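Protein chains in written order, with the working numbering: chain A, 4 to 189; chain B, 4 to 189.
Hints were generated in silico from the structure; no laboratory data involved. None of these values were measured; they are calculated from a predicted model. Careful, some of the hints might be misleading.
Given that identical chains are not distinguished, each listed pair holds provided it fits within a single copy or across any two copies.
[What the hints assert, rightly or not] Only pairs whose alpha carbons sit at most 25 angstroms apart, straight line, appear in this in silico DMTMM-like list of lysine to aspartate or glutamate: (1) Lys177 to Glu128; (2) Lys120 to Asp56; (3) Lys165 to Asp66; (4) Lys120 to Glu68; (5) Lys120 to Asp167; (6) Lys120 to Asp23; (7) Lys177 to Glu155.
There are 2 protein chains.
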Amino acid sequence: MYDDSEVAVLRLGHRPGRDDRMTTHVGLTARALGADRVLFPDNAGQSLETVADITDRFGGPFDAELTDSPHGVIRNWEGRVVHLTMYGERVQDVEADIRDAHLSEGEPLLLVVGSEKVSFDVYEEADWNVGVTNQPHSEVAGLAVFLDRLFEGRELEQEWQKADRRVVPMETGKRVESADTESESE
Amino acid sequence: MYDDSEVAVLRLGHRPGRDDRMTTHVGLTARALGADRVLFPDNAGQSLETVADITDRFGGPFDAELTDSPHGVIRNWEGRVVHLTMYGERVQDVEADIRDAHLSEGEPLLLVVGSEKVSFDVYEEADWNVGVTNQPHSEVAGLAVFLDRLFEGRELEQEWQKADRRVVPMETGKRVESADTESESE
Chain A
4 MYDDSEVAVL
14 RLGHRPGRDD
24 RMTTHVGLTA
34 RALGADRVLF
44 PDNAGQSLET
54 VADITDRFGG
64 PFDAELTDSP
74 HGVIRNWEGR
84 VVHLTMYGER
94 VQDVEADIRD
104 AHLSEGEPLL
114 LVVGSEKVSF
124 DVYEEADWNV
134 GVTNQPHSEV
144 AGLAVFLDRL
154 FEGRELEQEW
164 QKADRRVVPM
174 ETGKRVESAD
184 TESESE
Chain B
4 MYDDSEVAVL
14 RLGHRPGRDD
24 RMTTHVGLTA
34 RALGADRVLF
44 PDNAGQSLET
54 VADITDRFGG
64 PFDAELTDSP
74 HGVIRNWEGR
84 VVHLTMYGER
94 VQDVEADIRD
104 AHLSEGEPLL
114 LVVGSEKVSF
124 DVYEEADWNV
134 GVTNQPHSEV
144 AGLAVFLDRL
154 FEGRELEQEW
164 QKADRRVVPM
174 ETGKRVESAD
184 TESESE
């Protein structure tokens with residue numbers, strides 16, 4: 004986003020059909036809230052298409068990719084790895100260290116978001132296991148709060164490039180402007 | 004949560020089967036991030052059961068209810084209504100006013116979270132239409148960021164009552180303690 008070093012999100016585990024929407028929402032949340040890139044398992048092609056389509060229409064830069072080796076991505080990551088899990092340390096206790104590694108030390112961050120049971124190696128390979136609460140809720144919610152805290156709200160000011168449409172914030176109603184500044188409202 | 008006046012979340016629209024997980028995640032996110040109550044449409048009984056089961060095991064207080072008239076809940080709400088939508092005003096521009104209404108004026112808040120197309124009356128009946136970004140992403144992500152900002156992180160310090168188990172935050176691994184303080188770890 005604004006930062007020099009990358010923030011990528013890795014979705015771990017995907018059951019086609021059952022997980023399509025959750026995986027898509029992980030990707031769209033990553034894009035909307037300031038990550039630079041999402042990596043999906045290679046059986047999540049449908050989620051990839053949706054995220055790429057939204058990026059085409061609403062702008063980037065944002066990359067969505069498939070990987071045939073999610074664990075290889077973790078092992079070979081040149082930077083720090085944050086695994087979001089309800090069993091981890093409390094986000095409010097570790098977020099400053101993670102921000103510091105990313106912003107001051109310029110470390111690229113890989114945020115790992117699991118679905119079903121995550122294997123124990125991931126806990127060991129992560130530099131931080133982080134819980135956005137230690138309660139069961141939603142990997143999408145955890146990712147969203149983590150990104151908002153990582154960027155301290157700067158992600159909300161992001162300007163989108165190469166968009167062909169743009170939503171204009173409104174008190175009531177809907178307004179979408181196209182890139183040639185015509186607007187449609189309802 | 005800590006506050007005297009209530010924060011309730013209303014899920015608008017639910018297609019059984021297709022929306023089960025998203026609706027469940029809306030409820031679990033509401034619970035984990037400090038809301039007092041969630042209201043689901045009456046065809047979302049399966050999501051209700053999941054949320055009630057998590058509350059039994061991991062604690063409360065938190066209520067999950069079905070309503071046969073989601074629009075009636077909005078119209079009859081005694082307090083302020085916040086509709087989360089990508090077409091709304093920017094959260095960073097309106098959150099202070101909403102916090103003020105809730106905390107200083109003691110207004111109960113109803114947070115309305117749509118799924119598919121939301122009817123225009125909801126935009127008109129809401130006191131605020133609020134966008135957590137004006138980008139398409141996830142209603143679960145939007146709700147999560149909104150709650151974290153509304154409570155300014157206090158929700159992460161919440162103590163859970165009548166839980167029969169509790170996750171102990173750990174650097175690596177998983178530890179779950181039962182209420183009688185025996186622990187299981189992995």
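What hints, given by number in increasing order, does this structure fail? 7
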